[in-house]
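K.L.:
Let the sequences and hints guide you as you build the complete structure.
First to last, the protein sequences are chains L and V. Residues 1 to 308, numbered by the numbering used here, are exactly what the first sequence covers, in order. Residues 1001 to 1489, numbered by the numbering used here, are exactly what the second sequence covers, in order.
Treat the hints as calculated values from the structure; they're not laboratory data. All C-beta atoms in this analysis are idealised placements derived from N, C-alpha and C, irrespective of residue type, glycine included. Just to be clear, a hint being listed does not mean it is correct.
As the list claims (entries may be wrong) - Label pairs and their computed distance ranges (CB to CB):
#1 Thr1455(V) with Arg80(L): 44 to 54 Å
#2 Gly64(L) with Phe1097(V): 37 to 47 Å
#3 Arg80(L) with Ile1466(V): 32 to 42 Å
#4 Ala1456(V) with Glu159(L): 56 to 66 Å
#5 Pro290(L) with Arg1486(V): 49 to 59 Å
#6 Leu1200(V) with Arg37(L): 46 to 56 Å
#7 Thr1475(V) with Asn47(L): 47 to 57 Å
#8 Gly64(L) with Pro1035(V): 26 to 36 Å
#9 Arg218(L) with Ile1466(V): 48 to 58 Å
#10 Gly64(L) with Thr1475(V): 23 to 33 Å
#11 Phe1208(V) with Arg37(L): 56 to 66 Å
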Amino acid sequence: MSEPIISVRNLTKRYGGSFFSKSGHTALNGVTLEVGRGSVFGLLGPNGAGKSTMVKVLLGLVRGYEGEARLFGLPPSDPRSRVRVGFLPEAHRMPGHLTGRQVLRIFGMMSGCTRAEVDARVPHLLAQVGMTEAADKKVAQYSKGMQQRIGLAQALVHEPEVLFLDEPTDGVDPVGRMKIREIIADLKARGTTIFINSHLLLEVELMCDRIVIMDKGRILREGSIAELTPRTGLVRFEFAAPVDPALFAGMGAALRVEGLTAELQLNDQEIDACVDRLRSAGVSIRALVPRKLSLEESFIGLVQERKQ
Amino acid sequence: MKPATKALLEDAFLQILDNTVFRILVAVVILMVLPTFLVGATPEGIDLLFGWKVIPYSDLMGMLGPNAPRPADLQIAFVKSVQELVVQGFAGTIGVFFCIAATAFFVPRMLEKGAADVLFSRPLSRATLVLSRWFAGVLFVAVLAFLLVGGMHLGFLLRSGHSDPGFLWSALTLVYMFAVIHCLSTMVAAFTRSSIAAILLSLVFFVFNGCIHRGWQFKEYATAMEEATREEDSVSERSPLVSTLGTILDGLHWVLPKTSDADILAEKLRTVVIGPDHVLRDKPTEMLVARDYEGTKLERSVDDLAAQAAVWTGVADGGQVVARIELKRRTRVLSREVAKNGRERVKRLTTRQAADEAQEAQGPATRRESLQVSSMSFELISWSEPGAQGWTRDRAFLSEGDWLYEVDVSLQPDWIDEAEAERRLKSFLGGITFDNAAVGRVDPSTWYAKRFGWTAPMPFNAFVSILTTLLFSLTLLAAAVWRVQRTDL
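P.N.:
Shown next as structure tokens:
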């Protein structure tokens, strides 16, 4: 891996626990993580897992942590570390006194872009998030979905190299979600590193190429989508007409035949043999799908395993 | 200017433009400025709605009695009283309350969850963001203050022909006063994240701070009065409680911002801009003459009336002298002797005795009276010089401390009539004041204002007032920044 853009070592953050109140909780407990350039990184975990806290530590929003956190090689307390960073927080609230267009202009300039640069980018960005028509309305008049879109646009207006998205599709309709996925794919193609926090595991599966699963302030598992969603060995057949279950005799295990489908446990060699037998018996095969563990199953399995 | 700074300024400006209270206050300011364009104080009188009705000053002077100033003074007095009423009376009190209430939410809203995440994730320091919100509040008031003061100045200039560039300082005074209070509001908001707490504590502080400084002024005044009246060998004794309270007042006075000095500062700066508000100052006794005797001019500048009399002369169109006014000072101490108890006894000439002496020298007077003009007591004698064209003469005597002042007026009889001569004399005498503002003569606030100055001793020094106020304000802002920097969002 080239020099990591994000580097976290033994990061621990405790809340509360003052002289007057001994109770407190540990949001991050010795987290170590490195993220390279150009990847779409999914951060998964149940509520209170420490996902948002980790992002906030990296952005300098939360202080008083132990361990080391670096963004572009700089500590989060250094405002320069955030020059090339975009952030869409969960449940964000844009200033109600600004219009959508003004939000983009002002936040873009706050990130160091000149007015001319921002003005050149804004029309395209508004079109990308589908907010051109509502751009000159006050943010206070926006629906939740519109606020989410303009929030995403403000995170992109200064063309960041790293983008943190906390529940980016929250409150957005299906068409809007698709647009957001397209934007993320486009950014990924351009080499932007994207960090996504989401509860929508299907979306994470669709958008991310690396995943970290966290719980109670610790990293439970880290890997690519393929590593986190391994094949289960089950193979599902779909047929043009009902088949005789006797055709599967002596092949694989856990056979289940229902109507036009059949499911059984097969290894790669057995799949070829099974297909040959069915075709020689004149069976018309419409589909053959090796079943993988879904990200959701993998995630729930890991979290439950930890609880036990 | 950096793009980020431009963005923060634009954000501040858009935030105040969007503020409902700001819009209401702009409307109120316009309503206050509008009359200065519709009502003019012209030399003829009060002009309503561009000549629709003119109320002559003679009508108003009738209401004000025999001591009414001349029309030109009344015109200026009208303009100044309106300016003071609006700027100090309204904007300086109720206006500040409204502005505190309207701007107190700037910091708490910035720190709200959701809003803070977006803003604080930008490459800007938290100190910059806190200071930008403080600046937004100051900008809020600055726009209103300059609209009010600038608008009134323009209105009076266009309709009344009166321009007082020094009045424009009032806008800066309002901004200065608010900026200090807004520091406290910002600090409270940073610690509590509550607009209500910021409003209430700022208002309480505004009132409390004013009380502390008024109390301190009163204490200083009482101390000065006690010293002035105390016998040399006597020792003043104070109860421990009074001494402790005095020490506490001293401490608070030094630490707290001196917002109540703002008006005095404006007046001092105003003097710097438009020059002194008098035509003559007798430096040894700090006696001031506000204006020339109407129709005459001061021949030369005089700063010691005991060494040289000040002379005003009036010249008619033909070039002949028609009026001569002389003002001089001499001691009125007749003798000093030490009494048996060791105290010095001073025998002084009274104004009555001085008038008697003058009357004896001049012969019978046509008029003799004690004249009270603007809290000053003059002894006046009037007579006419012998001959058909004998000049009319007035001599007015005034005493102050060990000094006797004498105003000698000589008028050519055909120049002005008797009633006008009397009015001009009273107007001239009414312009005589003493700047020493000795204790007992003026109220504590005026006494303090007179002592206050750029070169005054420490407790009354304008630079000390400004510096301690700035120090207090910077401490509050530093505390606000410190708190926000330690806030987890």
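K.L.:
All the hints need checking, so say for each whether the structure fits it.
P.N.:
Verification of the hints:
1. Thr1455(V) with Arg80(L): 44 to 54 Å: holds (48 Å)
2. Gly64(L) with Phe1097(V): 37 to 47 Å: Taking Cβ atoms as reference, Gly64(L) and Phe1097(V) lie about 38 Å apart, which means the hint holds.
3. Arg80(L) with Ile1466(V): 32 to 42 Å: holds (36 Å)
4. Ala1456(V) with Glu159(L): 56 to 66 Å: holds (59 Å)
5. Pro290(L) with Arg1486(V): 49 to 59 Å: holds (54 Å)
6. Leu1200(V) with Arg37(L): 46 to 56 Å: With a Cβ separation near 52 Å, Leu1200(V) and Arg37(L) satisfy 46 to 56 Å, so the hint holds.
7. Thr1475(V) with Asn47(L): 47 to 57 Å: Violated: the Cβ-Cβ distance is about 42 Å, outside 47 to 57 Å.
8. Gly64(L) with Pro1035(V): 26 to 36 Å: violated (58 Å)
9. Arg218(L) with Ile1466(V): 48 to 58 Å: holds (57 Å)
10. Gly64(L) with Thr1475(V): 23 to 33 Å: About 24 Å separates the Cβ atoms of Gly64(L) and Thr1475(V), which means 23 to 33 Å holds.
11. Phe1208(V) with Arg37(L): 56 to 66 Å: For Phe1208(V) and Arg37(L) the Cβ distance comes to about 58 Å; the hint holds.
When each numbered hint is compared with the structure, violations occur for hints 7 and 8.
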